[in-house]
Amino acid sequence: MSLSKDDVKHIAKLARLNLKDSEVDKFTRELSSIIDYVDQLQEVDTKNVEPSEQVTGLTNGFREDKVIEKDATPDELLETSPLPIIERQIETPSAHGTN
Amino acid sequence: MPNALTITEAHKKLKAKKISSEELTRSCIKQIEAVDDKLNAVVYRNFEKALEEAKKVDKEGTFDHPLKGIPYLAKDVYCEKGIPTTGCSNVLRNKDYVPPFDSTTTKRLKEAGAISIGKTNTDEFTMGASTESSCYGVSTCPWDTSRVAGGSSGGSAAAVAADECIFALGTDTGGSIRQPAGFCGCVGLRSTYGRTSRYGVMSMASSLDTIGSLAKSVEDIALLLSAIAGKDPLDATTGDRAVPDYLAGLTGDIKGMTVGIPKEYFPDELDSEVHESIKNAVKTLKKLGVKTKEISLPHTKYAVPTYYVVVPSEISSNMARYDGIRYGHTAEAGDLIEYYFNARSEGFGDEVKRRIMIGTYALSAGYYDAYYRQAQKVRTLIKQDFEKAFEEVDVIVTPVSPTPAFKIGAHTDDPVAMYLEDVFSVSQALAGIPSLSVPCGFSKNKLPIALQIMGPQWGEERVLNVGYSFQKAMWPEGVPKPEIA
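Here the protein sequences line up with chains C and X, keeping their order.
Using our numbering, the first residue of the first sequence is number 1, and each one after it goes up by one.
Using our numbering, the first residue of the second sequence is number 1, and each one after it goes up by one.
By construction, these hints were calculated from the structure, which means they are not laboratory data.
Please note: incorrect hints may appear among the correct ones.
As the list claims (entries may be wrong) - Below, in silico cross-link-like pairs of lysine-lysine (DSSO-like), each with a Cα-Cα straight-line distance of 30 Å or less:
#, chain 1, residue 1, chain 2, residue 2
1, C, 70, X, 444
2, X, 388, C, 70
3, C, 26, X, 279
4, X, 81, X, 287
5, C, 13, X, 231
6, X, 30, X, 49
7, X, 481, X, 286
8, X, 59, X, 15
9, X, 30, C, 70
10, C, 66, X, 263
11, X, 283, X, 68
12, C, 47, X, 301
13, X, 446, X, 383
14, X, 388, C, 47
15, X, 263, X, 279
16, X, 383, C, 47
17, X, 377, C, 47
18, X, 110, C, 66
19, X, 49, X, 12
20, X, 287, X, 255
21, C, 70, X, 110
22, X, 407, C, 26
23, X, 301, X, 286
24, X, 407, X, 301
25, X, 231, C, 66
26, C, 70, X, 49
27, X, 263, C, 47
28, X, 472, C, 70
29, X, 38, X, 444
30, C, 70, X, 15
Please take these sequences and the hints and turn them into a complete structure.
So this is what it looks like as structure tokens:
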């Protein structure tokens, strides 16, 4: 297996995902099979090949610094939050915990 | 029944006052109520508002745009102001996300007078090839409901094939319009990246996501593309390039064109019925006066592994927005970091988690060069394969997928097997070129098989004209319809 259980636990932590022990086993197996599969890219000779960051061929799309879209109001955007709104701010759980 | 009409047919009848938009809309609603228990294509029904709109259009009575009064369904990733839109994910379903704005595409359709009647099923945030990762369950193929409709735009494809709407919107990141259109027997176009605006459509992989439509004829696809394409100040990847009248470009004359047939798309293990059907389609094209040429796209074999590095990498970044703060699933937690963990873990399904983790790994320190950067370099080689090929040929034809619609559950335990379903549909996405899926035959089990027609970047006119000519020759009476059982 190309990934260990500890690798998967570490990746999950970086991605802000909780994994149960049974999920760690399952994802270690599945993610390893995916990594093994994509590893065939290593055999391609890419010396002197530029990476494709994008395919449009466009560079720097400038526009005037003016508001052009007034579809949604700030209040409407706040309304989509599942958390309490206090004085037009979203109240999140404390970064330091409640206790 | 009016719901079986194409856009062009319905428009003629509306204009001649032979039917009203209300009748047309009601006939689609009736069909949804009659068959959607079996198909599970429609995940949100917006019938009341749709009928109100239809009545308004009838009252005005000026059917001055071909889309005026035409009912459609949008994939559940298109934001429409005031309409619940969930990406078929529990992250947004829990407290139905109701966007306070419209996507550019649904806005343009609204301005043209088209009538939105609801939302269609998709794999969770479009991640899949079967709709099996949707939080609403799988959409079935109207030709055999023990099989999948394909994905990720499976709901849109099933709905169009089953006449639940006149057309539908989908998105295509690596085949998500073309493959389900092929499985269900309708027409679908992935346009050149940058031809249509992605604004207001939930992102999966931003450098590959394209928006487009599924319909009952190539004419309708052409007409729709003219209506939705073009520069959008809200999507900086849309270029200034003028939008032609794609419908007027359908001359039906493709005599003298050179059609490329890439040998890499016809491996020994290709389903024999698919192979036969594509061979017949090529014969039909030859009768229309084209020349054929065997070509090679040598990096085809690396397209799926490239795609499954680039896409998860972009996903791991795009999915970061679902943190339970601005929208989405909420969770109990002692502090903020635990809140992020809990909200995301409870909300996302397994395929989304897999892709987030693969992407996180591919972008992490020490692995970036080996995976992400290497994949972006191979992407360049894949793009160059096509550029070289289009120096010699006008269009390229291949199958859309290696088999017809597969059984529900066939690949759910094996993510790599599911990824290999995309083997013929991801190269075009990586290269950013347009590609059309048109029904070209049926298997012995009466499952649709589709022909893929690709063109160079911005080559939609040519691709559509070949598709149109083929469709007319192949299905003079229109594409056959399923009997839903």
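Hint consistency between residue 407 (chain X) and residue 26 (chain C) [alpha-carbon to alpha-carbon, up to 30 Å]: holds, 23 Å
Pair hint residue 110 (chain X) and residue 66 (chain C), alpha-carbon separation not exceeding 30 Å: holds, 25 Å
30 Å limit on alpha-carbon distance, applied to hinted pair residue 472 (chain X) and residue 70 (chain C): violated, 45 Å
Agreement of residue 66 (chain C) and residue 263 (chain X) with the hint, judged by alpha carbon distance not exceeding 30 Å: With a Cα-Cα distance of about 51 Å, the restraint between residue 66 (chain C) and residue 263 (chain X) is violated, given a limit of 30 Å.
30 Å Cα cutoff - pair residue 70 (chain C), residue 110 (chain X): holds, 17 Å
Satisfaction of hint between residue 47 (chain C) and residue 377 (chain X), Cα-Cα up to 30 Å: holds, 9 Å
Restraint status (C-alpha distance of residue 231 (chain X) to residue 66 (chain C) at most 30 Å): With Cα atoms ~17 Å apart, residue 231 (chain X) and residue 66 (chain C) stay inside 30 Å; holds.
Straight-line alpha-carbon gap residue 283 (chain X) to residue 68 (chain X), limit 30 Å: violated, 38 Å
Restraint status (C-alpha distance of residue 47 (chain C) to residue 301 (chain X) at most 30 Å): holds, 19 Å
Given pair status - residue 301 (chain X), residue 407 (chain X), alpha carbons within 30 Å: Within the cut-off at roughly 25 Å; holds.
Agreement of residue 263 (chain X) and residue 47 (chain C) with the hint, judged by alpha carbon distance not exceeding 30 Å: holds, 26 Å
Satisfaction of hint between residue 255 (chain X) and residue 287 (chain X), Cα-Cα up to 30 Å: With Cα atoms ~9 Å apart, residue 287 (chain X) and residue 255 (chain X) stay inside 30 Å; holds.
Figure legend: structure checked against the earlier numbered hints; hints not met, in rising order: 1, 2, 3, 4, 5, 9, 10, 11, 13, 28, 30.
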